[in-house]
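Turn these sequences into a full structure, and let the hints guide you.
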Amino acid sequence: MAIGLDQFLAAAGATLLGAAVLTELRKPAGERTWHGNLVGVPYDLRPPTMARMQASLWDPDNPALLVPQVFGVGWSVNLASLARPLGLGPQAAGAPGTNTAV
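Numbering (the working numbering) for the sequence shown: 10 to 111.
Keep in mind the hints are simulated off the structure, nothing from the lab. From the three backbone atoms N, C-alpha and C, an ideal C-beta is built for every residue, glycine too. Don't take each hint at face value.
Unchecked claim - Each pair of labels, with its calculated beta carbon distance range:
| hint | residue 1 | residue 2 | range |
| --- | --- | --- | --- |
| 1 | 27 | 85 | 19 to 29 angstroms |
| 2 | 49 | 88 | 21 to 31 angstroms |
| 3 | 55 | 23 | 14 to 24 angstroms |
| 4 | 20 | 60 | 28 to 38 angstroms |
| 5 | 44 | 11 | 30 to 40 angstroms |
| 6 | 47 | 73 | 11 to 21 angstroms |
| 7 | 47 | 88 | 30 to 40 angstroms |
| 8 | 85 | 15 | 34 to 44 angstroms |
| 9 | 32 | 11 | 38 to 48 angstroms |
| 10 | 37 | 88 | 36 to 46 angstroms |
| 11 | 59 | 94 | 32 to 42 angstroms |
This is the structure:
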């Protein structure tokens, strides 16, 4: 029986999530941060906050297109970075064509 790509990705995600939880549980209670990297894949198991959601989903000061998830394993898209080349949304501070003088 062949496994589809969606099933493979779901299994890989579940495996990484389980490994991230195990990584944190193996640490002494006072050293658990519930966020980090596992084989190069970021994870964040802390309850999401509005500030972290904004930093992940809309951060015009971050040129990266892919940023760590607000909650879970993997990456999400920084929509501000995606909108910048299209001329949509605010420009990053100090970016060419912006006036930072007040």
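Outcome of the hint check:
1. Take residue 27 and residue 85: their Cβ atoms lie about 20 angstroms apart, and the range 19 to 29 angstroms holds.
2. The given range of 21 to 31 angstroms is respected by residue 49 and residue 88, whose C-beta atoms sit roughly 23 angstroms from each other.
3. Distance hint for residue 55 and residue 23: a CB-CB separation of about 19 angstroms, consistent with the stated range 14 to 24 angstroms.
4. Between residue 20 and residue 60 the beta carbon distance is about 32 angstroms. The supplied range of 28 to 38 angstroms therefore holds.
5. In this structure the supplied range 30 to 40 angstroms holds for residue 44 paired with residue 11, their Cβ-Cβ distance being about 35 angstroms.
6. A hinted range of 11 to 21 angstroms for the beta carbons of residue 47 and residue 73 is consistent with their spacing of about 19 angstroms.
7. The hint said 30 to 40 angstroms for the Cβ distance between residue 47 and residue 88, and at roughly 25 angstroms that hint is violated.
8. Against the hinted window of 34 to 44 angstroms, the Cβ-Cβ separation of residue 85 and residue 15 comes to about 19 angstroms, which falls outside the hint.
9. Checking the proposed 38 to 48 angstroms range against residue 32 and residue 11 shows it is violated: the Cβ atoms sit about 31 angstroms from each other.
10. Taking 36 to 46 angstroms as the suggested C-beta distance range, the pair residue 37 and residue 88 conforms, at roughly 38 angstroms.
11. At about 27 angstroms, the CB distance of residue 59 to residue 94 disagrees with the hint of 32 to 42 angstroms.
Going down the numbered hints, you'll see the structure goes against 7, 8, 9, 11, while the others check out.
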